[in-house]
Amino acid sequence: MIRPDAPHVIEVAHLTRRFGDIVAVNGVSFTVDDGATAALLGGNGAGKTTTLSILLGLLLPTSGTVRVFGEDMVHHRHRVLPRMNFSSPYVDLPKRLSVRENLTIFGHLYGLDRLDERIAALASDLELGAFLDRPHGSLSSGQVTRVSLAKALLNEPRLLILDEPTVSLDPDTGDWVRSFLESYRDRTRATILLASHNMAEVERMCDQVMMMRDGVIVDSGAPGELIRRYGRKTLEEVFLDIARRRARGEEQGAGAETAAPAA
Amino acid sequence: MTRISASTAPAASAAMHAPAAVFSWRRVGAMILRHLYVLRRSWPRILELAYWPTVQLILWGFITTFFLQHSSWVARAAGVLVSAVLLWDVLFRSNLGVALSFIEEMWSRNLGHLFASPLRAYELVASIAIMGLLRTTISVAPAALLAWPLFDVWVFGLGSPLAAFFANLLVMGWCIGLVSSAVVLRFGVAAENFAWLGIFLLAPVSCVYYPVATLPGWLQTVAWSLPSAYVFEGMRAVLYDGVFRADLMWRAVSLNVVYLSLSAGFFLWICRVARLKGLLLRQGE
Chain A
1 MIRPDAPHVI EVAHLTRRFG DIVAVNGVSF TVDDGATAAL LGGNGAGKTT
51 TLSILLGLLL PTSGTVRVFG EDMVHHRHRV LPRMNFSSPY VDLPKRLSVR
101 ENLTIFGHLY GLDRLDERIA ALASDLELGA FLDRPHGSLS SGQVTRVSLA
151 KALLNEPRLL ILDEPTVSLD PDTGDWVRSF LESYRDRTRA TILLASHNMA
201 EVERMCDQVM MMRDGVIVDS GAPGELIRRY GRKTLEEVFL DIARRRARGE
251 EQGAGAETAA PAA
Chain B
1 MTRISASTAP AASAAMHAPA AVFSWRRVGA MILRHLYVLR RSWPRILELA
51 YWPTVQLILW GFITTFFLQH SSWVARAAGV LVSAVLLWDV LFRSNLGVAL
101 SFIEEMWSRN LGHLFASPLR AYELVASIAI MGLLRTTISV APAALLAWPL
151 FDVWVFGLGS PLAAFFANLL VMGWCIGLVS SAVVLRFGVA AENFAWLGIF
201 LLAPVSCVYY PVATLPGWLQ TVAWSLPSAY VFEGMRAVLY DGVFRADLMW
251 RAVSLNVVYL SLSAGFFLWI CRVARLKGLL LRQGE
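Here the protein sequences come in this chain order: A and B.
Counting with our numbering, you get residues 1 to 263 for the letters of the first sequence.
Counting with our numbering, you get residues 1 to 285 for the letters of the second sequence.
I should point out that these hints are in silico values taken from the structure, not numbers from a laboratory.
Do not rely on the hints blindly, as some may be mistaken.
Stated by the list, open to error - Stretch-level coverage of chain B by chain A, calculated; a stretch enters the list once three of its residues show a Cβ under 8 Å from a Cβ in chain A:
1. 106-112
2. 168-178
As the list claims (entries may be wrong) - Here chain B is said to cover these stretches of chain A; the calculated rule only asks that three of the stretch's residues, wherever they fall, bring their Cβ under 8 Å from a Cβ of chain B:
3. 25-38
4. 199-210
Said to hold, decoys possible - In silico contact screen, one side only, chain B against chain A (beta carbon under 8 Å); selected entries:
5. Val38
6. Arg41
7. Leu119
8. Arg120
9. Tyr122
10. Leu281
Using N, Cα and C, we set each Cβ at its ideal position, and we do this for glycine too.
Given these sequences and hints, build the entire structure.
Structure below.
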């Protein structure tokens, strides 16, 4: 049963994921409130994509629990998958099919009514019209990102999971995508969880940040709160501060001393 | 790119966000549509489907023509080799149709999208099985029709037994295709040759062109564990003796029921293993 009164859209508790001897995610716990835009922030190999994959049900955890809309994603993910969607650079759409064909297939998979109308509206919103009938494999990276977003928004998800949503985009297109996502969030009050190592993006879009490093959430809070706590001007400086303190073996830095537990 | 809005899409309906049904023909149809789109826009693919069965037919047709003059065994039933070629292709193409439909998702790096959607793994199985049927029909039907003008063999003259032969070989092809797909999912596209070539291990013991009695005793035991051996033995009974051996067909059906359950179960188990090992996001060429 879906619990509409679930206090949090996402509840992750003591999540651990090992790949052989490597611990990709190590005892991570956090929650994301309904309507919030949250980010997992960290460098390469921090555990962001692994965490998102577990949230999507694409990967099983070694231990710990993951609940989305109150449902256990290990055993009951099909109860909530129609309310979720995602975009990731690690997956692709069939390249030989046109954009319209790809969206049609996923529209059917999500059981959408008035599918043609919905695709037309998304094509208008995301400016896909010029290449809607072109093979997906012939698109530029900016166009691929917009198509990926269209697929992610097809079912108007209540939870949108985005892995590196603006990676490999030029600054103009990246800014356009961020603005579009803000517009979508404001209109639908959807919950968004994104993984990124783009500090400016996270600072601009998110009201909750989990800083990840080596599979652990080392600090969390609102972007402004983290910046104040560390006495820095930008989130990027906070990130570098954490990374360099760790490199010098100063795990208990000024910020970390006062940081709230990642929960 | 200046206009920013996300306001024109129709609002989500409650039904859209309802828990996914346990089984949905619409989702199965969506996956079939995905492959039909590919076939529709690629005439070379359709021609390729029909190419090998036709070449095989022509080759074995001329061999038959030769044997008709030099072999009393073949001369007793002119259509035996051509029918065997066509029925073997049903098995081969069914296996290939299933495996190809699945492996295309891996080539496309699309599995992550599919497994994070409401699509269930067994709906994926249903869709690739139906694609196996469609690809087999597209492959074998032209060759079966060509056998009439070229070699005076009307394979449809086998009558209703043909449907039984076709169905049994189709299902056995599904089983091999599902196992092959599972192996490729587990070990990656580097293992895809297994999907294309694995079936040829079964060709000698399927006794396509010769009776099971030709095999040494111990290998006959292996042959009788395969539905295909019963089908080809049944085909020869129709062509040589004019009788439909229902006993052979029932044994083929029984074995197929067992093998289909096992192969589908194996595929679904490997899908779970893929989630366990993180294989769904690490696919592609």
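Which numbered hints does this structure break?
-> Hints 2, 3, 4 and 9 are the ones this structure does not satisfy, whereas the remaining hints hold.
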